[in-house]
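Colleague: Each chain, letter by letter, is given below.
There are 2 protein chains.
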Amino acid sequence: MEKQRSTTREENTVFIGNKPFMNYVTGVVMQFTTQAAKEVVVKARGKFISRCVDVSEVAAKRFLENAVEVNNIKIDSEEFENKEGKTIRVSTIEITLIKK
Amino acid sequence: MEKQRSTTREENTVFIGNKPFMNYVTGVVMQFTTQAAKEVVVKARGKFISRCVDVSEVAAKRFLENAVEVNNIKIDSEEFENKEGKTIRVSTIEITLIKK
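Chains as they are written, first to last, in this note's numbering: chain A, 1 to 100; chain B, 1 to 100.
If you are wondering where the hints come from, they were derived from the structure by calculation, not from laboratory data.
Mixed in with the good hints there might be a few duds.
[What the hints assert, rightly or not] In silico SDA-like cross-links for lysine to any residue, where the CA-CA straight-line distance does not exceed 20 Å: (1) A:Lys61 with B:Glu81; (2) B:Lys74 with A:Thr96; (3) A:Lys74 with B:Leu64; (4) A:Lys61 with B:Glu94; (5) A:Lys74 with B:Glu69; (6) A:Lys100 with A:Gly27; (7) A:Lys99 with A:Asp76; (8) A:Lys61 with B:Lys47; (9) B:Lys61 with A:Phe80; (10) B:Lys100 with B:Lys47.
[Stated by the list, open to error] Short derived list, chain A residues pointing at chain B, Cβ under 8 Å: (11) Val29; (12) Thr33; (13) Ala37; (14) Asp54; (15) Ile88.
Here a beta-carbon is modelled for each residue, glycine too, at the ideal position from N, C-alpha and C.
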């Protein structure tokens with residue numbers, strides 16, 4: 001997960017994995033505050049999708065209330081082969097938060 | 001979860017819980033095929049959100065490819081008090097699938 005984060009081309013992206021929940025919320029909030037980002041994209045795959053929604057909701061509604069809102073949500077699927085050569089499908093989500 | 005499903009006012013809603021995955025996919029597909037629905041809303045709360053995205057993706061891309069697409073995605077939060085009087089926040093998602 002972290003590997004993917006470092007290779008993503010967007011600077012204002014937070015990729016959700018299994019680190020403590022508040023790490024991600026703080027990451028999103030800091031992008032808007034100390035980095036003065038106009039837009040932050042919160043991304044996740046598979047089982048981390050629920051968490052991605054939680055992080056976005058907590059950041060936008062509790063920490064950045066009236067300042068940030070959900071602008072766009074995209075879902076998609078990725079397919080890849082596992083070690084046994086079996087095709088695995090995994091869902092993805094991208095939640096775009098913007099400054100109001 | 002199931003209680004909420006039965007009290008929802010929309011007929012074309014599939015509420016995701018912990019029944020077998022394919023039950024929900026079949027539920028969505030049947031709405032479009034045997035019920036001739038033009039629109040189906042797939043909803044979930046909390047940890048079932050990842051599953052809700054999976055069900056929508058599998059229904060739209062594998063079973064109803066070229067016939068159904070994701071039209072809209074909404075996320076929100078619900079707050080309620082637990083037995084101890086503590087306020088709990090839970091995220092929700094609603095994915096609207098429509099006939100192309």
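Colleague: Quick one, are Lys74 (chain B) and Thr96 (chain A) close enough, alpha carbons at most 20 Å?
Modeller: 12 Å, holds
Colleague: Verify the proposed pairing of Lys74 (chain A) with Glu69 (chain B), using a straight-line Cα cut of 20 Å.
Modeller: 12 Å, holds
Colleague: So, as I understand it, the hint says Asp54 (chain A) touches chain B; can you test that by seeing if any CB pair is closer than 8 Å?
Modeller: 5 Å, holds
Colleague: Go through the hint on Thr33 (chain A) and say holds or violated, using the shortest Cβ distance to chain B against 8 Å.
Modeller: Check failed: Cβ of Thr33 (chain A) comes no nearer than 21 Å to chain B, outside 8 Å.
Colleague: Taking 20 Å as the top limit, are the C-alpha atoms of Lys61 (chain A) and Glu94 (chain B) close enough?
Modeller: 18 Å, holds
Colleague: Measuring from the C-beta of Ala37 (chain A) to each C-beta in chain B, is the shortest one below 8 Å?
Modeller: 20 Å, violated
Colleague: Quickly compare the C-alpha distance for Lys100 (chain B) and Lys47 (chain B) to 20 Å and report which way the hint goes.
Modeller: The given pair, whose Cα atoms are some 30 Å apart, is violated under the 20 Å limit.
Colleague: Take a quick look at whether Lys100 (chain A) and Gly27 (chain A) sit within 20 Å of each other, Cα to Cα.
Modeller: Between Lys100 (chain A) and Gly27 (chain A) the Cα gap is close to 19 Å, so the pair holds against 20 Å.
Colleague: Do the alpha carbons of Lys61 (chain A) and Glu81 (chain B) lie within 20 Å of each other, as the hint requires?
Modeller: Distance ~18 Å between Lys61 (chain A) and Glu81 (chain B) Cα, so the pair holds.
Colleague: Taking 20 Å as the top limit, are the C-alpha atoms of Lys74 (chain A) and Leu64 (chain B) close enough?
Modeller: It holds: about 19 Å lies between the C-alpha atoms, which stays within 20 Å.
Colleague: When you check the alpha-carbon spacing of Lys61 (chain B) and Phe80 (chain A), does it fall within 20 Å?
Modeller: Since the Cα atoms of Lys61 (chain B) and Phe80 (chain A) sit roughly 15 Å apart, the hinted pair holds (cutoff 20 Å).
Colleague: Double-check Val29 (chain A) for me: the hint is only fine if its C-beta lies closer than 8 Å to a C-beta in chain B.
Modeller: 16 Å, violated
When the structure is compared with the earlier hints, violations turn up for hints 7, 10, 11, 12, 13 and 15 and for no others.
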